[in-house]
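Using the hints provided, position chains B and C relative to the given structure of chain A.
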Amino acid sequence: MTIGRPRIYMKSPSPLPGFGISLGYTLVYLSIIVLLPLAAVFSKTAAMGWHEFVAVGLSKRAIAAYKLTFGTAFVAAMTNAAFGLIVAWVLVRYEFWGKKFVDALIDLPFALPTAVAGIALTSIYAANGWIGRYLEPHGIKVAYTPIGISIALIFVGLPFVVRTVEPVLKDLGLDVEEAAASLGANRFATIRRVVLPAIFPALTTGVTLAFARAVGEYGSVIFIAGNMPFKSEIAPLLIIVQLEQYNYAGATAIATVMLAMSFFLLLVVNMLQSWARHRS
Amino acid sequence: MFNQWEIAVHRKFIEIIKALIFTGIAIGTYAAHATPTLLNVSYDPTREFYQAYNTQFTAYWKAKTGQDISIRQSHGGSGKQARSVIDGLEADVVTLALAYDIDEIAQRSKLLPANWQTRLKFNASPYYSTIVFLVRKGNPKAIHDWNDLVKVGVQVITPNPKTSGGARWNYLAAWGYAIQQPGGSEKTAREFVSKLYKNVPVLDSGARGSTTTFVQRGIGDVLVAWENEAYLAVNQLGKNKFDIVTPTVSVLAEPAVSIVDKNVDKHKTRAAAVAYLEQLYSPQAQELIVKNYFRPQLQDVALKHQNMFPKLKLLTIDKDFGGWKRAQAVHFSDGGQFDQIYERGAH
Amino acid sequence: MSDRPTLKGRHASVSEPRLVRWLLVAIALAFLCVSVVLPLVSVFSEALRNGVSAYIDSITDPDAISAIKLTLLVAFIAVPFNLVFGVAAAWCVSKFEFWGKSFLSTLIDLPFSVSPVISGLIYVLLYGAHGWFGPWLQAHNVHIIFATAGIVMATTFVTFPFVARELIPLMQEQGSDEEQAALSLGASGWQTFRRVTLPNIRWSLLYGVLLCNARAMGEFGAVSVVSGHIRGLTNTMPLHVEILYNEYNFVAAFSVASLLALLALVTLAVKSFLEWRHADELAAKHKH
Numbered sequence: 001m002t003i004g005r006p007r008i009y010m011k012s013p014s015p016l017p018g019f020g021i022s023l024g025y026t027l028v029y030l031s032i033i034v035l036l037p038l039a040a041v042f043s044k045t046a047a048m049g050w051h052e053f054v055a056v057g058l059s060k061r062a063i064a065a066y067k068l069t070f071g072t073a074f075v076a077a078m079t080n081a082a083f084g085l086i087v088a089w090v091l092v093r094y095e096f097w098g099k100k101f102v103d104a105l106i107d108l109p110f111a112l113p114t115a116v117a118g119i120a121l122t123s124i125y126a127a128n129g130w131i132g133r134y135l136e137p138h139g140i141k142v143a144y145t146p147i148g149i150s151i152a153l154i155f156v157g158l159p160f161v162v163r164t165v166e167p168v169l170k171d172l173g174l175d176v177e178e179a180a181a182s183l184g185a186n187r188f189a190t191i192r193r194v195v196l197p198a199i200f201p202a203l204t205t206g207v208t209l210a211f212a213r214a215v216g217e218y219g220s221v222i223f224i225a226g227n228m229p230f231k232s233e234i235a236p237l238l239i240i241v242q243l244e245q246y247n248y249a250g251a252t253a254i255a256t257v258m259l260a261m262s263f264f265l266l267l268v269v270n271m272l273q274s275w276a277r278h279r280s
Numbered sequence: 001m002f003n004q005w006e007i008a009v010h011r012k013f014i015e016i017i018k019a020l021i022f023t024g025i026a027i028g029t030y031a032a033h034a035t036p037t038l039l040n041v042s043y044d045p046t047r048e049f050y051q052a053y054n055t056q057f058t059a060y061w062k063a064k065t066g067q068d069i070s071i072r073q074s075h076g077g078s079g080k081q082a083r084s085v086i087d088g089l090e091a092d093v094v095t096l097a098l099a100y101d102i103d104e105i106a107q108r109s110k111l112l113p114a115n116w117q118t119r120l121k122f123n124a125s126p127y128y129s130t131i132v133f134l135v136r137k138g139n140p141k142a143i144h145d146w147n148d149l150v151k152v153g154v155q156v157i158t159p160n161p162k163t164s165g166g167a168r169w170n171y172l173a174a175w176g177y178a179i180q181q182p183g184g185s186e187k188t189a190r191e192f193v194s195k196l197y198k199n200v201p202v203l204d205s206g207a208r209g210s211t212t213t214f215v216q217r218g219i220g221d222v223l224v225a226w227e228n229e230a231y232l233a234v235n236q237l238g239k240n241k242f243d244i245v246t247p248t249v250s251v252l253a254e255p256a257v258s259i260v261d262k263n264v265d266k267h268k269t270r271a272a273a274v275a276y277l278e279q280l281y282s283p284q285a286q287e288l289i290v291k292n293y294f295r296p297q298l299q300d301v302a303l304k305h306q307n308m309f310p311k312l313k314l315l316t317i318d319k320d321f322g323g324w325k326r327a328q329a330v331h332f333s334d335g336g337q338f339d340q341i342y343e344r345g346a347h
Numbered sequence: 001m002s003d004r005p006t007l008k009g010r011h012a013s014v015s016e017p018r019l020v021r022w023l024l025v026a027i028a029l030a031f032l033c034v035s036v037v038l039p040l041v042s043v044f045s046e047a048l049r050n051g052v053s054a055y056i057d058s059i060t061d062p063d064a065i066s067a068i069k070l071t072l073l074v075a076f077i078a079v080p081f082n083l084v085f086g087v088a089a090a091w092c093v094s095k096f097e098f099w100g101k102s103f104l105s106t107l108i109d110l111p112f113s114v115s116p117v118i119s120g121l122i123y124v125l126l127y128g129a130h131g132w133f134g135p136w137l138q139a140h141n142v143h144i145i146f147a148t149a150g151i152v153m154a155t156t157f158v159t160f161p162f163v164a165r166e167l168i169p170l171m172q173e174q175g176s177d178e179e180q181a182a183l184s185l186g187a188s189g190w191q192t193f194r195r196v197t198l199p200n201i202r203w204s205l206l207y208g209v210l211l212c213n214a215r216a217m218g219e220f221g222a223v224s225v226v227s228g229h230i231r232g233l234t235n236t237m238p239l240h241v242e243i244l245y246n247e248y249n250f251v252a253a254f255s256v257a258s259l260l261a262l263l264a265l266v267t268l269a270v271k272s273f274l275e276w277r278h279a280d281e282l283a284a285k286h287k288h
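Chains as they are written, first to last, in this note's numbering: chain A, 1 to 280; chain B, 1 to 347; chain C, 1 to 288.
One chain only, chain A, in its complex shape (with noise of 0.2 Å):
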C-alpha cells in the first residue's frame, strides 16, 4: 500500500501508523468478499429492463411485502434496544445468582439454526403451544400474525444489542460516575448524562445491526409467517417465489430494493453517528 500517500485522503492527520495498510487490506478484502458478489447481483438486476423491474421489484404484492418486512423489524429492533439495554446494564453492573449461564445464553440465537429457532417458536406460540394456547382464548393470534414475525426476529437481533454495548459499558469505568455524583449530580442524572451518551454510539449500531439483520431474515420467519400474500408475507420469500419460476433477475431485483434500502438506513445511522461524534 502506498504509505505516504493516503494523507490526502485524511480529514485531519493522525500521527498513529498502519492506515494504508489497513484501509488497504479492508478495502481489498471488502471487494472479494462483499462487493463482487453483490456487483453480480446488480448486473444481474440491470440486465433486465426498467419496466421489468418495476413489475416485479415494485409489484403492491412486493410493496406490502417490503412494509411488513421493514415494520415488523424496525418493532423488533426497538423491542431489543430497550430490552437489550436493560438486559447488558444488568449482565455488567449486578451480581445475581445465574449470572454466568444468563450472559451465555446471550449468544444462543446465533448458534441455532434461524430454522430450528422458527420450528422452536411457531411449536410454543401455535394455539396448541406452551404461550399460545394461554393466548389463544383472548383472541391473542401470535403464529401466523405479523406479531409472530416480529417475535422471531426479537430473537434473531436480541445477542447484537447486547453484544455491542456490553464491552462499551464494562469499558466505562466508573470514575467518571463518581466524579459526576460527586459534583452533586443524582443518579438519575448521571445515568442519563453521563452513561447514556457513552453507549449510545455502541447502542445505535446494535440496534442497527439486529434491524439490518431482522430485514433480512428468512429462516425463522418462514414457519411462523403463515405467508399469506398481503398480509403475512415476507419480502425474501418473494425471493424465493421468483427463483422457483427460474428467474434470477426477479429474484435479484427484489433483493436490489431490498439492499438499496437497508443501504440507506444503515447509511443515515452511520453519518449520524459520526456527525455526533464529531459534536461532542
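Bear in mind the hints are in silico, worked out from the structure with no lab data behind them.
There could be a bad hint or two in this list.
Calculated lysine-lysine pairs in the DSS-like style (CA-CA distance at most 25 Å, straight line) [unchecked claim]:
no., chain 1, residue 1, chain 2, residue 2
1, A, Lys170, C, Lys69
2, C, Lys271, A, Lys99
3, B, Lys121, B, Lys319
4, B, Lys241, A, Lys67
5, B, Lys64, B, Lys141
6, B, Lys80, B, Lys266
7, B, Lys195, A, Lys231
8, B, Lys121, B, Lys241
9, B, Lys195, A, Lys141
10, B, Lys80, B, Lys151
11, A, Lys141, B, Lys151
12, B, Lys311, B, Lys62
13, B, Lys319, B, Lys137
14, B, Lys239, B, Lys137
15, B, Lys311, B, Lys141
16, C, Lys271, A, Lys100
17, B, Lys325, B, Lys313
18, B, Lys151, B, Lys62
19, B, Lys311, A, Lys60
20, A, Lys231, B, Lys151
21, B, Lys80, B, Lys137
22, B, Lys239, A, Lys141
23, A, Lys141, B, Lys198
24, A, Lys231, B, Lys291
25, A, Lys67, A, Lys170
26, B, Lys198, A, Lys60
27, B, Lys121, B, Lys110
28, B, Lys319, B, Lys187
All figures in this text were calculated on a predicted structure; none of them were measured in a lab.
Frame of chain A, contents of chains B and C only:
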C-alpha cells in the same frame, strides 16, 4: 502475559494451516475416488424410498458386473434441486417431483436432450401418486370430495404452489375437479379455487411444512397432500389420529426420472446410471415403491396391492392442462391465476 | 466477568437503590426467559423426548458426524479470515478520519441486511455453471459451488461484519491517546498495536470471535443455497437438522440442533474461563 497471548495466536494459526491442508487432502482424495459414484439429486418425499433402493441396486450391480458402486443422495425442494443441477451440481441422475423441473434443466443447461421423457417407460415415471385429503379421525367435518373444501368454516392446509412444486398438483387437482363438474368452465374453476384458497389459513413454503402445520400444530380440518405423503404422515405421526379420504377426481402425479447425459459422460458412469433408472421398473423395486406408498407402474405389483390404492378418475397434465409449460404459464407465473386470487382479495 | 474487584467496594453513589436493581434484573430475566430460554427449552425437551439413548443415537449417526465435522471445519476457516479483517477494518475506521468513512462502515454492515438466500445466490451468480467464473472453473474442473469452498465462502460472507462491528464502537470510545503516548515513547507501530491496542480490545475481540463463530456454525439460508445437500458430503449441521425435520424425525432433528446450542455454550465456557484467568489484569485496567 503477552507471550501467552502470542503463543495462543500462533497455535491457532498452525491449527488453521493444518485444517487447510487437511481440506486439500480431503478434496484430493474425493477427486481420486476409486469406486464409481452416482449422485442422485432428488426431492424431499423420496428420501426413504431411495435409501432402501440404493441398497437394493448396489447389490444388483455387484452381482451383475462384479463392480462396487456407491450412491450419494441429495434431497430438497424439487425446484431448488433443479436449479442446483442447472448451476453446476453434477447429478448423474435426477429424480424430481415434476417433469417441468427436468424440462427446465434440459432447456437451460442443455445437460440432457429435450426428449428425455421418451427414453423410459411410462413417461419416465417409474412410480406415480395422486392428490388425496388427510382429515382428522372420524372426519368430523364430513369431507368427501373437493366441493367440501370450499364450504364456509372448513380450514384447508396446502402449501404455496409458488414455492412448492408438489403443491402445484394440489392446485391443479382442484381446478380440474371444478372444470369436470356439470356446467364447469374456466370461469367456474377460477371461482372454485379462489374460494378454496380463501379457506387456507397458512401457506407453508413446502409440502412437509404443511403436513407439520396440520399434524403438529393442530391447524386446519383437511390437509391436501400427495397420497404417499398422506400415508407416511398417518404411519409416522399418528395412526389413530387421521383418516385418508380419496376424492372422486384427482390428478395423476408423475414424478419423473432421467440421467443427466453430460454429467454421466464426464464421470464415465452412463452404464450404471442407466441401469439405476431401469431397475426402478423391476418387480423388486416396484415392491419397495409400494412400501413407500407410491403407486407402482407394473401391473402385477399394482394388482397385488390394489386394496391400498383406491381407484379414482385421474386427470393428466398433458391432456387436461396442456402440458406443464402451459400450466405453469397460466396458473403459477407472476400475475397468473394463482396470484390473481390474492390480488383480487387485496383490493 | 463477575470477578471484578472494582465493583465490590462500590460507592453508593454509583449504584441504584436495591429495589431498582432487583426490578431491572427481574425485567432482564423475564425478557430472556420468554425470548431465548423458552425456545431453547423446547428444543431440548423435543430432543430428549425419547430418552438419552435416542439422543446419543441421533448425534452419532454417520451422516450427523460428517455434518458436525463439516460445520466445524467451515467455522474454523471462516472465523480466522474475518478476525484478521475485523481488526484491520476497526483500526482504520476508528483511529483515522478520512473521506468516505461512513460509506465504508456502511459497506461493512451490509452483509447483515442481505437476505441469506441472496447471500448464497450471489456465489451461484459468480461461480455457478452459468455464473461469471463458472465456465472457466468447469473447464479446469474446480468445484466451488456445491462443495466445501462454496460453503466456506457463503459463511464468510454472512459472518463478515461481526468482529469489525464489535471492535469499532469500543475503539472509537477509547480514542487513540494511549497509542500516541506509546509512539512518542519510541514504540514501533506494530509494538504499539500489540502492547497497547490489543490488550485494550481483547474482550471485545473475543466477543466478536464468539459471535462470528456461533453464527458461522448456525447459518442455514445461505449455506442451503450453495451446499447441494449431498448427504454425508456437503450437509452442514443446520442443513442436517432440516433434513431430519422433514423426515418427521423430530427427535433427531432437535438433538442435532441442541448440539449446536451446546457448542455455543462451550465457546462461552471458554470465554468465562479466560476471563477468570485474566481477572486480575482486567481489574488492573479498570483501576487506572
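Okay, the hints, checked on the actual structure:
1. With a C-alpha separation of about 36 Å, the suggested pairing of Lys170/A with Lys69/C is violated against the 25 Å cut-off.
2. With a CA separation close to 14 Å, the supplied pair Lys271/C and Lys99/A stays within the 25 Å bound.
3. Distance hint between Lys121/B and Lys319/B is fulfilled; the C-alpha atoms sit about 18 Å from each other, no more than 25 Å.
4. With a CA separation close to 40 Å, the supplied pair Lys241/B and Lys67/A exceeds the 25 Å bound.
5. Restraint check for Lys64/B and Lys141/B: not satisfied, since their Cα atoms lie roughly 54 Å apart, outside the 25 Å limit.
6. The hinted pair formed by Lys80/B and Lys266/B meets the criterion: a straight-line CA distance of about 23 Å does not exceed 25 Å.
7. For the suggested pair Lys195/B and Lys231/A, the alpha carbons sit about 17 Å apart, so the restraint of at most 25 Å is met.
8. A C-alpha spacing of about 38 Å is found between Lys121/B and Lys241/B, which places the hinted pair above 25 Å, so the restraint is violated.
9. The hinted pair formed by Lys195/B and Lys141/A meets the criterion: a straight-line CA distance of about 23 Å does not exceed 25 Å.
10. Among the hinted pairs, Lys80/B with Lys151/B is inconsistent with the structure: their alpha-carbon atoms are about 34 Å apart, more than 25 Å.
11. Distance hint between Lys141/A and Lys151/B is fulfilled; the C-alpha atoms sit about 23 Å from each other, no more than 25 Å.
12. For a cut-off of 25 Å, the pair hint linking Lys311/B to Lys62/B is broken: about 38 Å separates their Cα positions.
13. Annotation: proposed proximity of Lys319/B to Lys137/B is violated, straight-line Cα distance about 35 Å (limit 25 Å).
14. Note on Lys239/B and Lys137/B: the hinted pairing holds, with a Cα-Cα distance of about 9 Å set against a maximum of 25 Å.
15. Using a Cα cut-off of 25 Å, the hinted pair Lys311/B and Lys141/B holds, with the two alpha carbons roughly 23 Å apart.
16. Simply put, Lys271/C and Lys100/A have alpha-carbon atoms about 10 Å apart, close enough for the 25 Å limit, and the pair holds.
17. For the proposed pair Lys325/B and Lys313/B, the alpha carbon gap of about 23 Å is at most 25 Å, so the pair holds.
18. The hinted pair formed by Lys151/B and Lys62/B fails the criterion: a straight-line CA distance of about 56 Å is larger than 25 Å.
19. The suggested pairing of Lys311/B with Lys60/A is violated, with an alpha-carbon distance near 44 Å, which exceeds 25 Å.
20. Distance check on the hinted pair: Lys231/A and Lys151/B sit about 22 Å apart at the alpha-carbon level, within 25 Å; holds.
21. For the hint linking Lys80/B to Lys137/B, the alpha-carbon distance of about 34 Å lies beyond 25 Å, and the restraint is violated.
22. A hinted pair counts as satisfied when its Cα atoms are at most 25 Å apart, and Lys239/B with Lys141/A does not qualify at roughly 30 Å.
23. Proposed proximity of Lys141/A and Lys198/B is supported: the alpha carbons are some 18 Å apart, at most 25 Å.
24. Of the pairs offered as hints, the one joining Lys231/A and Lys291/B is violated, with about 41 Å between alpha carbons and a cut-off of 25 Å exceeded.
25. Distance hint between Lys67/A and Lys170/A is unfulfilled; the C-alpha atoms sit about 37 Å from each other, more than 25 Å.
26. Distance restraint check for Lys198/B and Lys60/A: the Cα-Cα separation of roughly 19 Å lies within the 25 Å cut-off, and the hinted pair is therefore satisfied.
27. A distance of roughly 22 Å separates the Cα atoms of Lys121/B and Lys110/B; the hinted pair therefore holds under the 25 Å criterion.
28. With a C-alpha separation of about 19 Å, the suggested pair Lys319/B and Lys187/B falls inside the 25 Å cut-off, and the hint holds.
Consistency with the previously given hints fails for numbers 1, 4, 5, 8, 10, 12, 13, 18, 19, 21, 22, 24, 25, ordered from lowest to highest.
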